[in-house]
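Asks: Here is what each chain is made of, one letter per residue.
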Amino acid sequence: MKKFLAVALGVLTAIGGFVDIGDLVTNAVVGARFGMSLVWVVVVGVVGICLFAQMSGRVAAVSGRATFEIIRERLGPRVGGANLVASFLVTVLTLTAEIGGIALALELASSVERRLWIPFAGLAVWLVLWRVKFSVLENAAGLLGLALVGFAVALFQLGPDWGELVAQATRPQVPAGEPVPTYWYYAVALFGAAMTPYEVFFFSSGAREEKWTAKDLSVSRANVLIGFPLGGLLSVAIAGCAAVVLLPRGIDVSTLSEITLPVALAGGKVLLALVILGVVAATFGAALETALSTGYTLAQFFGWSWGKYHRPAQAARFHTAMAVAVLVGTLVLLTNVDPVAVTEYSVVFSAVALPLTYLPILVVANDREYMGDHVNGRATNALGLVYLVVILVASLAAIPLMIATGAGG
Amino acid sequence: MTTRRSPGRVAAALAATLLVGLVGLVGGCAYGPSSADTSAALTMTAALDEAASAVEVGLLVVELVDTDRTTTPVADGTLRDALLEVGSASGSLADALPPRHLQDARARALDAVADATAALTDARAWVNDLAGGSAHDLTGALSDAADAVDAVTADLEAAA
Numbered sequence: 001m002k003k004f005l006a007v008a009l010g011v012l013t014a015i016g017g018f019v020d021i022g023d024l025v026t027n028a029v030v031g032a033r034f035g036m037s038l039v040w041v042v043v044v045g046v047v048g049i050c051l052f053a054q055m056s057g058r059v060a061a062v063s064g065r066a067t068f069e070i071i072r073e074r075l076g077p078r079v080g081g082a083n084l085v086a087s088f089l090v091t092v093l094t095l096t097a098e099i100g101g102i103a104l105a106l107e108l109a110s111s112v113e114r115r116l117w118i119p120f121a122g123l124a125v126w127l128v129l130w131r132v133k134f135s136v137l138e139n140a141a142g143l144l145g146l147a148l149v150g151f152a153v154a155l156f157q158l159g160p161d162w163g164e165l166v167a168q169a170t171r172p173q174v175p176a177g178e179p180v181p182t183y184w185y186y187a188v189a190l191f192g193a194a195m196t197p198y199e200v201f202f203f204s205s206g207a208r209e210e211k212w213t214a215k216d217l218s219v220s221r222a223n224v225l226i227g228f229p230l231g232g233l234l235s236v237a238i239a240g241c242a243a244v245v246l247l248p249r250g251i252d253v254s255t256l257s258e259i260t261l262p263v264a265l266a267g268g269k270v271l272l273a274l275v276i277l278g279v280v281a282a283t284f285g286a287a288l289e290t291a292l293s294t295g296y297t298l299a300q301f302f303g304w305s306w307g308k309y310h311r312p313a314q315a316a317r318f319h320t321a322m323a324v325a326v327l328v329g330t331l332v333l334l335t336n337v338d339p340v341a342v343t344e345y346s347v348v349f350s351a352v353a354l355p356l357t358y359l360p361i362l363v364v365a366n367d368r369e370y371m372g373d374h375v376n377g378r379a380t381n382a383l384g385l386v387y388l389v390v391i392l393v394a395s396l397a398a399i400p401l402m403i404a405t406g407a408g409g
Numbered sequence: 001m002t003t004r005r006s007p008g009r010v011a012a013a014l015a016a017t018l019l020v021g022l023v024g025l026v027g028g029c030a031y032g033p034s035s036a037d038t039s040a041a042l043t044m045t046a047a048l049d050e051a052a053s054a055v056e057v058g059l060l061v062v063e064l065v066d067t068d069r070t071t072t073p074v075a076d077g078t079l080r081d082a083l084l085e086v087g088s089a090s091g092s093l094a095d096a097l098p099p100r101h102l103q104d105a106r107a108r109a110l111d112a113v114a115d116a117t118a119a120l121t122d123a124r125a126w127v128n129d130l131a132g133g134s135a136h137d138l139t140g141a142l143s144d145a146a147d148a149v150d151a152v153t154a155d156l157e158a159a160a
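Residue numbers (this note's numbering), protein chains in the order written: chain A, 1 to 409; chain B, 1 to 160.
Hints listed in this document are in silico derivations from the structure and should not be mistaken for laboratory results. It should be emphasised that the depicted structure is a prediction, and the values quoted were computed from it without experimental measurement. Even glycine gets a Cβ: it sits at the ideal position worked out from N, Cα and C. Don't take every hint at face value.
List time: in silico SDA-like cross-link candidates among lysine to any residue, alpha-carbon distance up to 25 Å [to be verified]: (1) A:269 to B:107; (2) A:269 to B:73; (3) A:269 to B:69.
Derived DEER-like restraints, expressed as beta-carbon distance ranges [what the hints assert, rightly or not]: (4) A:392 to B:144: 49 to 59 Å; (5) B:144 to A:407: 31 to 41 Å; (6) A:174 to B:144: 27 to 37 Å; (7) B:80 to A:269: 15 to 25 Å; (8) B:150 to A:112: 31 to 41 Å; (9) A:180 to B:101: 28 to 38 Å; (10) B:128 to A:327: 49 to 59 Å; (11) A:363 to B:94: 49 to 59 Å; (12) B:101 to A:388: 46 to 56 Å; (13) A:392 to B:101: 46 to 56 Å; (14) A:74 to B:94: 40 to 50 Å; (15) A:40 to B:128: 38 to 48 Å; (16) A:119 to B:91: 27 to 37 Å; (17) B:39 to A:85: 53 to 63 Å.
Next up, chain A with everything else stripped away, as it sits in the complex (with noise of 0.2 Å):
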């Protein structure tokens, strides 16, 4: 029974934790302009990202290390090195992007200006990662996350037609009048905001948080492979959402106002307001991860003591480097720029780190000096292999992508 309860509360975490502000605006915005046809980019980053979720999971509980930590011992400073460089770049870009998906959901939720929810809200995300336990901050976060299920609850009030939402998820193609680098640019951008290089430091540095051992395999598995899949759900809810209501209309989405805009059709103003929690609390709980994530990675890769298992004074440096990345984070919103375009461009650069930070778990999940025998099997690794290919042509379309489109303008 305690087992079960693990498992269940690991999913709906995973479920809940799953959509962070690059999938709602992403997912929205191809929602909006390609309607379902690039669904199949959702399904193919989700079970990416449950291969290499599972793969960094299993390596942090069997060898009771970090992955960042191997990767560093295992391959050396300068191939450990350029891992640090692009993912915590990437992170910390990330991590504004999120903070500012939390003020864009206030200032939607009190139309107070999200200037003044910026500090607010950057404050609110530091006090979080020094007072609160790891385990509570994860699970809060991750269920009130879950009200985002009000986007599927939407999409089946609008009472669509499914047989064409699902003709246009299966026989994709290019919509009149999109050009076809565009439909490349948000694909690789779906892919990139599916499989951000955070949720796989967050997934193995949360399995030493919570000391898993080799027994609590199955359970992070159960999370992995449930948990994900149905979280990918919501990413497709999000973009029927958009498709149903928005496409039609000729609604090109470029703010968080707009994606809720089905919603309110749908289900009014409880559901709406179901939804606008979900997005704070999934934005909120995306902004503790990343930020966590960025100290994860440094204190990994120097070898500082680490973890939110230490009191603050016992891990100042990791406490440092996250406030630091929490502040730079909240100065940049702070200029005005929007938190929009962060989350577009946060979700192109993970596409181009992609490669840095899955190869070498792929390295090292096949290490049998700290596997013993839980390597990865052939099936594992052929697909990780396929991935590799996949991940490598994604990151280098990324950059010409975006300037041949003028970032999918």
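Keeping the supplied structure of chain A fixed, place chain B upon it in accordance with the hints.
Replies: Same frame as chain A, now just chain B:
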């Protein structure tokens, strides 16, 4: 036998590549009048698309408020975002420097976007209970603005 290139050759090759790239870029920018016409028409069409999207947002918000399906803060915030979009569209149209035969289209585009701005401003005042009128009147004004924007867009697409 070594096949390593000397640093001088590598530098020369890089410089040549850069030069070819720059010539291509500059040449592309100064391609000629027909290219400039198309570019100006596309810039204006993109701005009008942005305005059309904002007007559709306004129509949807008025419908949601009229049927009591959204809250005042959310409706107000959404209309404020829509007003920023028409403001951006107006700025892009004013900034464009179309050729002589597209000047009239640009003037009509600016008028259409100004009408859209006025309709959205009225809608925001109505949502905040700062103005009278009915949802029907606002929907009419927004629909007229949408039609005007669509008409100029069609003309520009034909010209491009």
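Asks: Give a verdict on every hint.
Replies: Here is what the structure says about each hint:
Between the alpha carbons of residue 269 of chain A and residue 107 of chain B the distance comes to roughly 41 Å, so the proposed pair goes past 25 Å and is violated. Taking the CA atoms of residue 269 of chain A and residue 73 of chain B, the gap is about 11 Å. The hint holds against a cut of 25 Å. A threshold of 25 Å between alpha carbons decides the hint, and for residue 269 of chain A with residue 69 of chain B the separation of about 5 Å falls inside it, so the pair holds. Checking the proposed 49 to 59 Å range against residue 392 of chain A and residue 144 of chain B shows it holds: the Cβ atoms sit about 52 Å from each other.
Checked against the given bound of 31 to 41 Å, the beta carbons of residue 144 of chain B and residue 407 of chain A, roughly 33 Å apart, stay inside it. Between residue 174 of chain A and residue 144 of chain B the C-beta distance comes to about 33 Å, which sits within the given range of 27 to 37 Å. Checked against the hint of 15 to 25 Å, the pair residue 80 of chain B and residue 269 of chain A passes, with Cβ atoms roughly 19 Å apart. Distance hint for residue 150 of chain B and residue 112 of chain A: a CB-CB separation of about 35 Å, consistent with the stated range 31 to 41 Å.
For residue 180 of chain A and residue 101 of chain B, the hinted distance range of 28 to 38 Å is satisfied, since their beta carbons lie about 31 Å from each other. At about 35 Å, the beta-carbon gap between residue 128 of chain B and residue 327 of chain A misses the expected band of 49 to 59 Å. The hinted range of 49 to 59 Å is satisfied by residue 363 of chain A and residue 94 of chain B, whose Cβ atoms lie roughly 55 Å apart. Taking the beta carbon of each, residue 101 of chain B and residue 388 of chain A are about 54 Å apart, inside 46 to 56 Å as hinted.
Between residue 392 of chain A and residue 101 of chain B, the C-beta spacing of about 48 Å keeps the proposed range 46 to 56 Å intact. The given range of 40 to 50 Å is broken by residue 74 of chain A and residue 94 of chain B, whose C-beta atoms sit roughly 58 Å from each other. Look at residue 40 of chain A against residue 128 of chain B: about 43 Å separates their beta carbons, and that is inside 38 to 48 Å. Checked against the hint of 27 to 37 Å, the pair residue 119 of chain A and residue 91 of chain B passes, with Cβ atoms roughly 29 Å apart.
Evaluation of the 53 to 63 Å hint for residue 39 of chain B and residue 85 of chain A yields a failure: the beta carbon distance comes to about 38 Å.
Checked against the numbered hints listed earlier, the structure breaks hints 1, 10, 14, 17; every other hint is satisfied.
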